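J.: Here is how the chains run, residue by residue.
Number of protein chains: 2
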Amino acid sequence: MTEYTVSPEGVSHVACVGAGVIGGGWVAHFLARGYRVTAWDPADDAADKLRRLVEAAWPALTELGLAEGASREHLTVASTLEEAVAEAQFVQESAPETLEIKQDLLARIDAATPTDVVISSSTSGHGMTEMQVDCPTPQRLVVGHPFNPPYLIPLVEVVGGEKTDQSAVRWASEFFEVAGKSVITMDHEVPGFIANRLQEAIWREALHMVANGEATPAQLDASITEGPGLRWPLLGPCLTFHLAGGEGGMAHMLDHFGPSLKSPWTRLEAPELTDELRNRMVEGCEEAAEGRDIAELVADRDRAIIEVMRVVDNVRKGAS
Amino acid sequence: MTEYTVSPEGVSHVACVGAGVIGGGWVAHFLARGYRVTAWDPADDAADKLRRLVEAAWPALTELGLAEGASREHLTVASTLEEAVAEAQFVQESAPETLEIKQDLLARIDAATPTDVVISSSTSGHGMTEMQVDCPTPQRLVVGHPFNPPYLIPLVEVVGGEKTDQSAVRWASEFFEVAGKSVITMDHEVPGFIANRLQEAIWREALHMVANGEATPAQLDASITEGPGLRWPLLGPCLTFHLAGGEGGMAHMLDHFGPSLKSPWTRLEAPELTDELRNRMVEGCEEAAEGRDIAELVADRDRAIIEVMRVVDNVRKGAS
Numbered sequence: 001m002t003e004y005t006v007s008p009e010g011v012s013h014v015a016c017v018g019a020g021v022i023g024g025g026w027v028a029h030f031l032a033r034g035y036r037v038t039a040w041d042p043a044d045d046a047a048d049k050l051r052r053l054v055e056a057a058w059p060a061l062t063e064l065g066l067a068e069g070a071s072r073e074h075l076t077v078a079s080t081l082e083e084a085v086a087e088a089q090f091v092q093e094s095a096p097e098t099l100e101i102k103q104d105l106l107a108r109i110d111a112a113t114p115t116d117v118v119i120s121s122s123t124s125g126h127g128m129t130e131m132q133v134d135c136p137t138p139q140r141l142v143v144g145h146p147f148n149p150p151y152l153i154p155l156v157e158v159v160g161g162e163k164t165d166q167s168a169v170r171w172a173s174e175f176f177e178v179a180g181k182s183v184i185t186m187d188h189e190v191p192g193f194i195a196n197r198l199q200e201a202i203w204r205e206a207l208h209m210v211a212n213g214e215a216t217p218a219q220l221d222a223s224i225t226e227g228p229g230l231r232w233p234l235l236g237p238c239l240t241f242h243l244a245g246g247e248g249g250m251a252h253m254l255d256h257f258g259p260s261l262k263s264p265w266t267r268l269e270a271p272e273l274t275d276e277l278r279n280r281m282v283e284g285c286e287e288a289a290e291g292r293d294i295a296e297l298v299a300d301r302d303r304a305i306i307e308v309m310r311v312v313d314n315v316r317k318g319a320s
Numbered sequence: 001m002t003e004y005t006v007s008p009e010g011v012s013h014v015a016c017v018g019a020g021v022i023g024g025g026w027v028a029h030f031l032a033r034g035y036r037v038t039a040w041d042p043a044d045d046a047a048d049k050l051r052r053l054v055e056a057a058w059p060a061l062t063e064l065g066l067a068e069g070a071s072r073e074h075l076t077v078a079s080t081l082e083e084a085v086a087e088a089q090f091v092q093e094s095a096p097e098t099l100e101i102k103q104d105l106l107a108r109i110d111a112a113t114p115t116d117v118v119i120s121s122s123t124s125g126h127g128m129t130e131m132q133v134d135c136p137t138p139q140r141l142v143v144g145h146p147f148n149p150p151y152l153i154p155l156v157e158v159v160g161g162e163k164t165d166q167s168a169v170r171w172a173s174e175f176f177e178v179a180g181k182s183v184i185t186m187d188h189e190v191p192g193f194i195a196n197r198l199q200e201a202i203w204r205e206a207l208h209m210v211a212n213g214e215a216t217p218a219q220l221d222a223s224i225t226e227g228p229g230l231r232w233p234l235l236g237p238c239l240t241f242h243l244a245g246g247e248g249g250m251a252h253m254l255d256h257f258g259p260s261l262k263s264p265w266t267r268l269e270a271p272e273l274t275d276e277l278r279n280r281m282v283e284g285c286e287e288a289a290e291g292r293d294i295a296e297l298v299a300d301r302d303r304a305i306i307e308v309m310r311v312v313d314n315v316r317k318g319a320s
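Chains B and X, in that order, are what the protein sequence lines are. Under full-length UniProt numbering, the residues of the first sequence are numbered 1 to 320, in order. Under full-length UniProt numbering, the residues of the second sequence are numbered 1 to 320, in order.
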């Protein structure tokens, strides 16, 4: 078990390796949370692009509320990877999504970073097991998968690879929480993690519909923005269907609409609705509801939908 | 081709057959938009439940803005189906999702409703072709599929069956627009219509993940509410990925990330990314963007996310 000299709360200096849309978004986020950030990217124009990205994001970040002492001045663009990570207390890698690039880069980062520092990858698709193969100290490497833009969307999915020490997964999860993110810590690797699997299921079905002439991209988008998309900022798919069951909640929903899982409503085949799956869903929804009964959830949902519609309306009206 | 005596703008009296969560939601919506509503439901306690639902929804509807003359007093609960529809200028059916029930009920509604009136079904899964088999005048029957709660979520998907006259589809689409809904008119029947196919793809993948112990319902919900769900009220899945391509938009996204469609990120197999599909997606996103370039879309997205997060935060804090 690795000893981490710096606690998740004690971090003041992070390194961001790769400074494109995602890496640059991380830089903006960490600066706004008050960290000193050292960034490195091999592209010639990377430093200029990065500073422009931070400039563009700063008004939004200021409006959301900067941490005490946060400043754009706390960004240093290093001229080598080794320089960027030499004194870092945490490293976030955001290189292109090519396995070989990730393997090489993580091995270089691992070799150059003090051994008691956790290294996290922004990968949206590769497992840490396949990325950490060439790393000298793979036990401190984790996936910390963000969503675009990382300076606004709170979610980070944290998971280790086969050679990762669980203490690194715990340390990273705690650090991301301290740094203002919403963290989902996964027990084991699943391709695409959680949110991307759900998002990808929508995306693939959408592509099938366009390929078959069943819907246009504009209709597909409207079907979400005018429909279920208005519920999803407050209630995910499970609690949404918990409410679709009326006062009987998820139990009623599964017991009555279970057979619709056999319908050809999407090209994705549903799993068998066993008693065990039914009960896991019912108990899981109780947990996710955090003590709120159906009437309370409905009241919250309705308030959120009204306000979300108002926000979207204003943004559309103000659109240039 | 049927003649409709009343124009979509001229409707003042609608009938709602079935007054559960969806039918009752329609009642609340139509009352708030200033219509007189006659409702019928066979359940003993239906009238009481319906009045409670309308009471519960009314504060939200008032806040959103009632139509001139709108009043809860304009609701009549009829004692028979025939009485409910006798003088209606539009009928919305919201019975349980059982094909035989829908077939029987629509045939009864069809027989009792003046022949120049359009009849719409709230079905979320059955096609009109299979539901209208026993109807004497099937040409005026359409699907008008709402989302829960129908008094808040704008989307209605309108589509006919094989025996439906396209004039009824057009009349219904116009009427729903006049009645304040966002309408997607579909050319032909697809099981699950559009939004439910996308929603069902997410739902099935979510059930697989719970069945396999890969995620809990609370994690699945958090992965949406803290992640992509914050973007979806403004940008649907197509424009979301249009932005994921950076300045190159959907074209860059498909040309560079196309291979990830082969990844096992969900159990749903992707379609072949042919040149034709690529081009339809690229052109469709241009259409959906309505002239906004990537920088404008990003600025709108960021403003919406910030405000949506604020809304959700306030609702959560105020939660009882």
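Note that these hints are calculated values from the structure, not bench results. There could be a bad hint or two in this list.
Chain copies aren't distinguished; within one or between two, either way the pair holds.
[As the list claims (entries may be wrong)] Here are the simulated SDA-like cross-link-like pairs (lysine to any residue), alpha carbons at most 20 Å apart as the crow flies:
hint: 1; residue 1: Lys262; residue 2: Asp104
hint: 2; residue 1: Lys163; residue 2: Asp44
hint: 3; residue 1: Lys317; residue 2: Ile306
hint: 4; residue 1: Lys317; residue 2: Glu307
hint: 5; residue 1: Lys49; residue 2: Pro96
hint: 6; residue 1: Lys317; residue 2: Val133
hint: 7; residue 1: Lys49; residue 2: Ala299
hint: 8; residue 1: Lys262; residue 2: Glu97
hint: 9; residue 1: Lys163; residue 2: Arg108
hint: 10; residue 1: Lys163; residue 2: Pro136
hint: 11; residue 1: Lys262; residue 2: Glu87
hint: 12; residue 1: Lys317; residue 2: Ile294
Since this is a predicted model, take the numbers as computed values, not measurements.
J.: Okay, which hints does this one fail, numbers in order?
T.: 1, 2, 6, 11
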